[in-house]
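Could you use the hints to bring the two separately framed chains together as a complex?
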Amino acid sequence: MDLSLTDSQQMLKASAADFVKNEIPQRAITEFSKKGIGITPEMWAGAASLGWLGMLIPREYGGGGASFSDAAVVFEELGRGPVPGPFFSSGVLSALTILEGGSETQKRELLPDIARGSRIATLVINDPNPFFGPEAVETEAVESGGDYVLNGMRPFVHDAMDADTFICAFKTGSSRYPEQNITLFLVTKDTPGVSVRGLRGFVGPIGEVAFDSVRVPKSAVLGAPNGGWPALDRAMLKAIPVLCSYQVGACQQVFEFTSEYTRTRVVFAQPIGRFQRVQDHVIDLSIHMDGARWTTNEALWKLDSGRDARASVHLAKAVASEGYYQACNSSFEVHAGIGTDRNHPLVPHGMMSRMLYQYLGNPRYHKLQMVDAEDL
Amino acid sequence: MDFEMDFAKGLEGFQEEVRQFLEKNIPKEPRAVASEPYTREEWLWRRALAEGLGERGWLFPTYPKEYGGGGLTVNHAYVIAEEVAKYGLMFARMCVSTVHNSGATVSAPCLLLWATEEQKREILVPMLTGKTVTWQLLTEPQSGSDIASTATRAVRDGDEYVINGQKTFVGGPYEADNFWALVNTDPSAPRHRNLSYIMIPANLPGISVYPLDLVTADETRQNNSVFFDNVRVPAFYRIGGENEGWKVAATHLEYEHGGAGTPVAESEALQQLFAYCKTTQFRGKPLSKDPEMRDILADIRVEGQVNRLLQLRNFWKAYSKEGMSYEGSQALYYRRMSTLRNAQRVQEVLGYPAVISDSSWTPGDGEIELFVRHGFGGLHGGGTHDVDRVIVARRMGLGRTVQEEAGEMV
Numbered sequence: 001m002d003l004s005l006t007d008s009q010q011m012l013k014a015s016a017a018d019f020v021k022n023e024i025p026q027r028a029i030t031e032f033s034k035k036g037i038g039i040t041p042e043m044w045a046g047a048a049s050l051g052w053l054g055m056l057i058p059r060e061y062g063g064g065g066a067s068f069s070d071a072a073v074v075f076e077e078l079g080r081g082p083v084p085g086p087f088f089s090s091g092v093l094s095a096l097t098i099l100e101g102g103s104e105t106q107k108r109e110l111l112p113d114i115a116r117g118s119r120i121a122t123l124v125i126n127d128p129n130p131f132f133g134p135e136a137v138e139t140e141a142v143e144s145g146g147d148y149v150l151n152g153m154r155p156f157v158h159d160a161m162d163a164d165t166f167i168c169a170f171k172t173g174s175s176r177y178p179e180q181n182i183t184l185f186l187v188t189k190d191t192p193g194v195s196v197r198g199l200r201g202f203v204g205p206i207g208e209v210a211f212d213s214v215r216v217p218k219s220a221v222l223g224a225p226n227g228g229w230p231a232l233d234r235a236m237l238k239a240i241p242v243l244c245s246y247q248v249g250a251c252q253q254v255f256e257f258t259s260e261y262t263r264t265r266v267v268f269a270q271p272i273g274r275f276q277r278v279q280d281h282v283i284d285l286s287i288h289m290d291g292a293r294w295t296t297n298e299a300l301w302k303l304d305s306g307r308d309a310r311a312s313v314h315l316a317k318a319v320a321s322e323g324y325y326q327a328c329n330s331s332f333e334v335h336a337g338i339g340t341d342r343n344h345p346l347v348p349h350g351m352m353s354r355m356l357y358q359y360l361g362n363p364r365y366h367k368l369q370m371v372d373a374e375d376l
Numbered sequence: 377m378d379f380e381m382d383f384a385k386g387l388e389g390f391q392e393e394v395r396q397f398l399e400k401n402i403p404k405e406p407r408a409v410a411s412e413p414y415t416r417e418e419w420l421w422r423r424a425l426a427e428g429l430g431e432r433g434w435l436f437p438t439y440p441k442e443y444g445g446g447g448l449t450v451n452h453a454y455v456i457a458e459e460v461a462k463y464g465l466m467f468a469r470m471c472v473s474t475v476h477n478s479g480a481t482v483s484a485p486c487l488l489l490w491a492t493e494e495q496k497r498e499i500l501v502p503m504l505t506g507k508t509v510t511w512q513l514l515t516e517p518q519s520g521s522d523i524a525s526t527a528t529r530a531v532r533d534g535d536e537y538v539i540n541g542q543k544t545f546v547g548g549p550y551e552a553d554n555f556w557a558l559v560n561t562d563p564s565a566p567r568h569r570n571l572s573y574i575m576i577p578a579n580l581p582g583i584s585v586y587p588l589d590l591v592t593a594d595e596t597r598q599n600n601s602v603f604f605d606n607v608r609v610p611a612f613y614r615i616g617g618e619n620e621g622w623k624v625a626a627t628h629l630e631y632e633h634g635g636a637g638t639p640v641a642e643s644e645a646l647q648q649l650f651a652y653c654k655t656t657q658f659r660g661k662p663l664s665k666d667p668e669m670r671d672i673l674a675d676i677r678v679e680g681q682v683n684r685l686l687q688l689r690n691f692w693k694a695y696s697k698e699g700m701s702y703e704g705s706q707a708l709y710y711r712r713m714s715t716l717r718n719a720q721r722v723q724e725v726l727g728y729p730a731v732i733s734d735s736s737w738t739p740g741d742g743e744i745e746l747f748v749r750h751g752f753g754g755l756h757g758g759g760t761h762d763v764d765r766v767i768v769a770r771r772m773g774l775g776r777t778v779q780e781e782a783g784e785m786v
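In the order they appear, the protein sequences are chains P and Y. Quick note on the numbering used here: the first sequence kicks off at 1 and runs consecutively. Quick note on the numbering used here: the second sequence kicks off at 377 and runs consecutively.
Bound conformation, chain Y alone (with noise of 0.2 Å):
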């Protein structure tokens, strides 16, 4: 065993490439208020950010070449991720997310395994290369956690399909190019062999979307509601075949539920805020060497290591082809209680300044009051914590003869 993550070693000149993109091509001021959403100002030079980063390979590193990804490392992909944390971008699926992007980072896996090679030219390529953006439409009113019951109704007519309904909690600020969603392709069927997966592009006519107002929105999440009406979608579009979407599901949730992993676990919150536990004085001493204060703070420290660990291990499991099967479930599970658990403790070391958001008062500039909402309100995503504990039961085979596998994995 060997936990030492040398993934730089060797790439020294390649780490300086990435380090002199992104210096010259991220602008120097620092937002206002970092739990506010952004400015369409920046949505846009992200947005060319990720262009950059796609036409070197860079957004999607270690997807094939001949499809816009970089063809490179898992050790390429984590100097990236390293880099682009310092200016607090997302590396999460393998990719670089600049903006709201939440339909690549589980389509692209899904479109690698399932789309035909012209789909593959004609979607995969402008997704890999940053020079679209695309949101995942899942949940309905009436369909989050039983993602099965999903009743957007899609029908065939002649080389389209006809697409009404409604999605919500879904997308992210500004527009999106396409939208990766899941429809019904045949109401009278059996449950998971009625539905199909589609590529909707975002400006046919039909399509209205109105922003959501969430307590969870913040600079890089916001969410909307969806409607279509009467939409008409060619139906090359459809990525698998008709009714078999849940195959293409299960590729899809293995993604969302953390199956992944990831090797940079540690929040940017917990980490100022013990920044401040050490330079804050109260009573003459750091407010970390307040002997309660303290134990507080180690408990947030030692479920941050667990959380950090539990990635890191599905990390290595998924890139290392290791067989993967209720860790995905788990390690989710695991995280949202403990940022839970974590935003009361927060709120015990800090006081009042861990649910203000006015920097002249907390310590950052916000990311602090953005850890206790998220605490509240990112126990659901892609599912809730309870459908997590579910599926840890089942693939653990709790009370069954037969486990339950995990989705195939890129």
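If we strip away everything but chain P, and leave its shape as in the complex, we get (with noise of 0.2 Å):
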């Protein structure tokens, strides 16, 4: 047994901090964060010439083939802005989706150009109800003329507004296995009748996408008819780790200013950090924050190794999500009245870790979904 990062690891780990210090300051997050927005073209340009943006993608297809462990020991410092932007849904989520459900012309034309940046991918699951997994998305897609016509309102989508290309799961089938109903289509955001919204409220960059009778044809079908949530699910167990890589790093940030706030910050003539009540929180916190980092790290080795890890991958996102959002309440409970400043590095982890928390199934649903695979 050993639980360390590789030499290697320790390396990227160090170049990916660099990176996140000085190309994305604490201000720019802040600024992204009032503003609702993702990214800046020189910051996606550079995440892209450290090949950041196709890790997870086969050399073959242009991408860097690293294991998921690489993969998160980067998201770990992009967690730590947080940074915001489709880092994870373009070149993680999206990518690891076409890989698992696309055809070889359809791996070839799209993960390339995902893996250099010039094409932005997203995933459009959600439909406007509280639930996730194959029963909840109901908008149907209908079959016309040899194409497919889609319409509706999709909310919900991350990163909507940066991305230029939409992997969207519409309902196709009436099997009585929901997961045999769903089928992924690619859409551009220039076909039309497609159109895009931001959101605004207590979260990180997210969008509406309408689809007004948009007209796709057979070959925008991302793999085959009806099979397209089986290869999401493949996409999202492997996926999901990273993610939960970028709630770790994220705790850990929100853990370290916390601690150095209660070493400085005064009150009744002492630090705050002396008062036994203000320790509680932190201690809470560091106990999210490592239930966090190692259900994730012991994800991410079974996935590398090739061990089944769907039940650890619930388990992470579960403990993960849980832990980012607890981290931010308890980090407030130490800084009070500060901690609401909107220039005050806690908000944009408070609206992150809100977002994250419903991103791809919120803690509840994971928690049922791991027991499921327990067969408990």
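Calculated from the structure, these hints are not laboratory results. Don't take each hint at face value.
Unchecked claim - No farther apart than 30 Å at their CA atoms in a straight line, the calculated lysine-lysine pairs in the BS3-like style are these:
1. P:367 to Y:507
2. Y:661 to P:367
3. P:302 to P:107
4. P:367 to Y:441
All of these numbers come straight from a predicted model, not from anything done at the bench.
Listed below in structure tokens is the structure:
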């Protein structure tokens, strides 16, 4: 047993940390969170030149062919920001969905562009209901004259404003097994009838994508008709631990600036960290952080070593999403007023933690998926 | 015991009068998004509404008539509270708030207890009749929960005090006429014997106000930093003795820390949530009938009811002059933590719409997203939740032989 990073991972971690610190400073993150936007072209080009946009894409499709734990090292540093933008939604989740579900032609057409950053993709999964899973996808696509016609308003699309390519889940089948009813469509933003609008709130960059009689050919189907959910499921199983590592990095950052504040903020003539009530909040935070870290690391290891990772992945998502949410609450309990200032680093974390809490299923969903996977 | 809230019984004529007044004096057009600040135009009609209520003695209904209050009973006050709530206006600490008037709601009882007759005529009357708006100025960058460490300096110079310092996390949108501030009048004196309370006219030279950009901001909430640069304030405006501000603060803080309670404690956001869950169908049944969602909704409901009853108890204790001890801070602490827990539950029930303010995707027009933000940001006003617990422990006499007493209330 050895739970440490490899030497090359240590180097990767250092260079990722440098990039985030130098290229995406705190004030940029504050601006992004105030405006609800994700990236600048310079940031994106910088990340592309470091090979971060296609880390998990095999070399034959223009990617880096890295392991999941390598990708996690980078995402942990991005999470420290928290750096918003489609790093995960395009470079990890969309790329893996295309890899798991796409035809050879689709892989060759899309993956190299995603890896070099010239194409930004994101998933359109959610419908206007509070549930997640294949049965929660209710908007139907209709076959018509050899094409498909897509209609409907799809909310809660992460990084919608930055993306030019949408991988959209629509209901196409009527089997009693919901996972056999979903088709994934590749739809570019410039397709007639597609419109995108950003949404505001206590969240990171998110938007709605409207489909108004959008006609797409059969070749826009990713993989096979009605075969979308199994592909997406396989992709999510691999992608989620990388997302969790982003949440781990975020917790780490929140832990560090919160601990520092307990040493420097003086109230009642002593640093607030001397008060046991204040210490308790940071201790709670650390437990959420370390719980997220080790459930995530074990899931990554299982993926990289070819073990059955399903239950571990769901565990990690449940623990990391809850952990990041609660870490922000604990940090707020320590910071009080100053932590509500939009210029304080805690605010973008608070907003991002609420958004990632929902992303690809909330903790409750993943806990139940975990016990299903364990056949409890 | 009788929990029946029959406040309006026998007051039907009064109730009708209040209804008609509000109907006539509140514009019909609703705001675009409740979670965003209102316009100056709206602020102006809200101020005019305060004056209209004040003329009738309905702004501070239970306060003495001779100082601009209504001289009315608690029952009248409750009737007013119920009617203004229909328009989303707050009634707390026996006062209708049409705009941010934090200084008035907490200083009015202090003035009644501690001001001279002359001060009451000059300061209290315009306050109770809605002619002035007052912000309370307590928090400083280095003095939040530990309010006794107030550093804003007031130096006596003849008939004036010269004030220098900074207050922060104070006030609301647009302007105030007066600031109700705690200042340090003797840095060499021991703690609690070095502070004074003073009412500062907001138009004096040397005062500057800068808005803060906070996540807690909404239609009525907007905090600011206020800077004092050699501001000369007539000593007449000091309330209570020099260096005796901590006694006044005891009254102030008792009100601020929830001691007054409220008979109306149902959150508008939660009412909207329940209505939405009953009427919105998913998978062929209302969301409220989904077994998992129902369980979460039940938890929200339980905490909402406990909160309501703790507030009601405080309301009853305060106005029946039953003795108060730990109740104010206990109820405040519970409400804060419960809002934080319920914010998460609301997100579990609604999903993304709980954190999105766009009215096309969330029930209502942003109140729920606001509720979630306040869960994050509502823990600290008037001292953190940790301080609430300190006060409860002291009042209960935990580990002490002498219990700390509650501040004097009107």
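(message) So if I understand the rule, the pair passes when the alpha-carbon distance is 30 Å or less; does residue 367 of chain P with residue 507 of chain Y pass?
(response) Status violated; Cα separation ~57 Å.
(message) Just to be careful, I want the Cα atoms of residue 302 of chain P and residue 107 of chain P compared with a cutoff of 30 Å; is the pair within it?
(response) holds (26 Å)
(message) Tell me if the straight-line CA distance from residue 661 of chain Y to residue 367 of chain P falls inside 30 Å.
(response) holds (24 Å)
(message) Between the alpha carbons of residue 367 of chain P and residue 441 of chain Y, is the straight-line distance 30 Å or under?
(response) Judged against 30 Å, a Cα distance of about 61 Å means the pair is violated.
When the structure is compared with the earlier hints, violations turn up for hints 1, 4 and for no others.
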